[in-house]
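Student: Chains as they are written, first to last, in my numbering: chain Y, 1 to 120; chain E, 1 to 120; chain Z, 1 to 105; chain F, 1 to 105; chain U, 1 to 130; chain P, 1 to 130.
FYI, nobody ran anything at the bench for these hints, they're computed from the structure.
Among the clues, some could well be false.
[Unchecked claim] With a straight-line Cα cutoff of 30 angstroms, these simulated DSBU-like cross-link-like pairs (lysine-lysine) come out:
{"no.": "1", "chain 1": "Z", "residue 1": "K99", "chain 2": "Y", "residue 2": "K89"}
{"no.": "2", "chain 1": "F", "residue 1": "K99", "chain 2": "P", "residue 2": "K25"}
{"no.": "3", "chain 1": "P", "residue 1": "K29", "chain 2": "E", "residue 2": "K61"}
{"no.": "4", "chain 1": "E", "residue 1": "K94", "chain 2": "F", "residue 2": "K67"}
{"no.": "5", "chain 1": "Z", "residue 1": "K45", "chain 2": "F", "residue 2": "K55"}
[As the list claims (entries may be wrong)] Sample of chain Y residues at the chain P side, in silico, Cβ under 8 angstroms:
{"no.": "6", "residue": "T2"}
{"no.": "7", "residue": "K4"}
{"no.": "8", "residue": "I6"}
{"no.": "9", "residue": "L18"}
{"no.": "10", "residue": "A22"}
{"no.": "11", "residue": "D25"}
{"no.": "12", "residue": "V26"}
{"no.": "13", "residue": "T29"}
{"no.": "14", "residue": "F33"}
{"no.": "15", "residue": "A52"}
{"no.": "16", "residue": "N54"}
Just so it is clear, CB atoms sit at the ideal spot from N, CA and C, and this is done for glycine as well.
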Amino acid sequence: MTLKNILIIIRQAPYSSLLPAAALDVLLTAAAFEQPITLLFMGEGVQHLLSAQNSTGSGMKNISKALPSLELYEVDQVFMEKDALANRKLENEKLVLQVESLSLNQIADAIEKADQVFNF
Amino acid sequence: MTLKNILIIIRQAPYSSLLPAAALDVLLTAAAFEQPITLLFMGEGVQHLLSAQNSTGSGMKNISKALPSLELYEVDQVFMEKDALANRKLENEKLVLQVESLSLNQIADAIEKADQVFNF
Amino acid sequence: MTLHLINKSPAKSSALNECLSVLEASNNSSSAILLIEDAVYSALKHPANMALHEKIKKLASPCYLLKEDLLMRGLHAELVEGFTIVDYAGFVQLSLDFKKVQSWS
Amino acid sequence: MTLHLINKSPAKSSALNECLSVLEASNNSSSAILLIEDAVYSALKHPANMALHEKIKKLASPCYLLKEDLLMRGLHAELVEGFTIVDYAGFVQLSLDFKKVQSWS
Amino acid sequence: MQSFTLVVFGAPDSQSSSTALNYAKAVLKAGHHIYRLFFYQDGVFNACSFNTPSQDEENSSVNWQTLIQEHELDAVVCVASALKRGIVNAAEAERYELAASNLRQGFEISGLGQLIDGVIQSDRVVNFLP
Amino acid sequence: MQSFTLVVFGAPDSQSSSTALNYAKAVLKAGHHIYRLFFYQDGVFNACSFNTPSQDEENSSVNWQTLIQEHELDAVVCVASALKRGIVNAAEAERYELAASNLRQGFEISGLGQLIDGVIQSDRVVNFLP
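Here chain Y stands alone, though its shape is the one from the complex:
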């Protein structure tokens, strides 16, 4: 089977849009097809990583709960944009998983390397 490098970028803030949940669904399906996958949180999307999120009683789905189990699906290429948390003064918050930071230059490289980008 042809392998395609798939880069999934989550740029939308939690709860503001259905796109981040869609991005995770695409990611899990691509993983089931054994495609090489990279996940990147950019801009407002980094806020999905905050572990203090408590959506109980809100009626909204909290996708951050699904992030720690990505490893089980052998998705280990998970990154966030460098400075995106620091810019928001959120650098001291606890995160749901430890991810490596990528500079804008490294993000440009990741985009270049990918065969397909889903930027949700």
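Chain Y is fixed; fit chains E, Z, F, U and P onto it per the hints.
Tutor: Chains E, Z, F, U and P in isolation, oriented as in the chain Y frame:
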């Protein structure tokens, strides 16, 4: 019947959202109920007034076509935010109808005077 | 006498900025702003929010944040000062304390 | 080798700004940007767009506007320089000229 | 006791539909009256009886129905918004020759006049924009 | 001749659904092949057969259907997105005990795997985001 001063503000750009069309529907219904109505175009919403809009073949509804007939419904309080066209360097474009400009201070007054504001 | 209700992140909508411009220009200071849903991100100390925070600081009208929407987003400590936090009961009460509620999107 | 497709007004999304930041930081200049739908408002000489226009001017990559979306909005003369206008046939051809299409919202 | 009309613009899985539902509960809890719920634009999807979200997701449409039935609320769905989006009651299903109605019980289809009536009759009208 | 997969995220009355439709026509006009149309999230509303917009509005759902049938395109509707939004085919209507199917002819319900297959099989995948 109780009369309510209704202020309708269109702030969304054409084609970007269904809210401007909804605002016009609310306006026409309020007019049918003989409520006193004011219509104001603010921010990106002023772009609805551009007469050169040509949506033929796009599949999208062009609500600017409905604006000249508002007078027929006895809606004559139609305004736009001062400088909103000039800021966009659109001050020389032809408009679908001539409307008076309101300063931010006058907009604040219009909001204060209204019993209900629909800001779409 | 208006409660201005804003629900979008400042990265996604100019609603808060436009609302503040109107309130600045107003002769009347008896209005308030309530930030709900993604609008609570306006309270983050993000450099992009600095101009908004300056405007809010100068404003005579109070500015509120909805507690439940902060909790959902995991936002606690790192908010700029000058906001008052209310819950849904407070949101309903604010709606009655002012003559009307105007929503911005 | 990527065509970046952007469909939101700069007043509603930081997509163009973030895309430009990535392209600025890139070592590779063989990409392009195509602005469609409300993103065509990015070409208006609005003071709020000035920083974007500066970035675009410095960029090695070309920046396109979709003709049909300009016409729909009644935008003709008053656009800033430096953009190339393409129609839907051009949009399809651009999709093929680059190795992939990346959409931003 | 004050009376409220709430205008719901958001689809079932949107944040704004969820905010409106929580607000409605808080209004009732504070002892006030809901004169009318008006479902407008994508808000009409809250009145669809065919929605079957997966088990790990809330069914916002059912949550609205429960609130409406428990408190006997007047829940109006905008007819123009509904028809456009394929939400029909039995009469419309027949008129447009569609196979069935998909309007959830507890909701009623009517015109925008019901929104203006809400403006005239209630103490507060709150728009929950998308 | 190159092959395309288009991912449609927008509801029938959205700008992005209309852009995707115009793009699809331009792809075909240029002599290229559409491997698949994938309707995702609110895009699944384009596959609803109950939509009855007023006469002064385009029925985008019918426009898609016409294109699909004229060119015998593979038009896949994401099953999870569709169920959540109350779009069902006959088999699902039966399974969930709903009164009828409301999937428009020409569209087929399937899983996200069809999107990944599109990524693997086509030369270009274009996302028309909401």
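Student: Does Y/L18 pass the interface hint, meaning its C-beta sits closer than 8 angstroms to a C-beta of chain P?
Tutor: holds, 6 angstroms
Student: Have a go at the Y/V26 hint: is there a Cβ in chain P nearer than 8 angstroms to its own Cβ?
Tutor: holds, 6 angstroms
Student: Is the Cα-Cα distance between F/K99 and P/K25 30 angstroms or less?
Tutor: Holds: F/K99 and P/K25 sit about 21 angstroms apart, inside 30 angstroms.
Student: Measuring from the C-beta of Y/T2 to each C-beta in chain P, is the shortest one below 8 angstroms?
Tutor: holds, 5 angstroms
Student: Straight-line Cα separation of Z/K99 and Y/K89 no greater than 30 angstroms?
Tutor: violated, 36 angstroms
Student: Given a cut of 8 angstroms on the nearest C-beta pair, is the interface hint for Y/A22 held or broken against chain P?
Tutor: Y/A22 check passes; min Cβ-Cβ to chain P is 6 angstroms, inside 8 angstroms.
Student: Holds or violated: are the alpha carbons of E/K94 and F/K67 at most 30 angstroms from each other?
Tutor: Status holds; Cα separation ~20 angstroms.
Student: Would the hint linking Z/K45 and F/K55 be met if the CA-CA limit is 30 angstroms?
Tutor: holds, 25 angstroms
Student: Verify the interface restraint on Y/F33: the C-beta must sit less than 8 angstroms from at least one C-beta of chain P.
Tutor: Check passed: Cβ of Y/F33 comes within 5 angstroms of chain P, closer than 8 angstroms.
Student: Are Y/K4 and chain P close enough, Cβ to Cβ, to be under 8 angstroms, as the hint says?
Tutor: Because about 5 angstroms separates Y/K4 from the closest Cβ in chain P, which is inside the 8 angstroms limit, the hint holds.
Student: Tell me if the interface restraint on Y/T29 is satisfied: Cβ within less than 8 angstroms of some Cβ in chain P.
Tutor: Where the cut-off is 8 angstroms and the nearest Cβ of chain P is about 4 angstroms from Y/T29, the hint holds.
Student: So if I understand the rule, the pair passes when the alpha-carbon distance is 30 angstroms or less; does P/K29 with E/K61 pass?
Tutor: holds, 25 angstroms
Violated hints, listed in ascending order, are 1, 15 and 16; each of the other numbered hints is respected by the structure.
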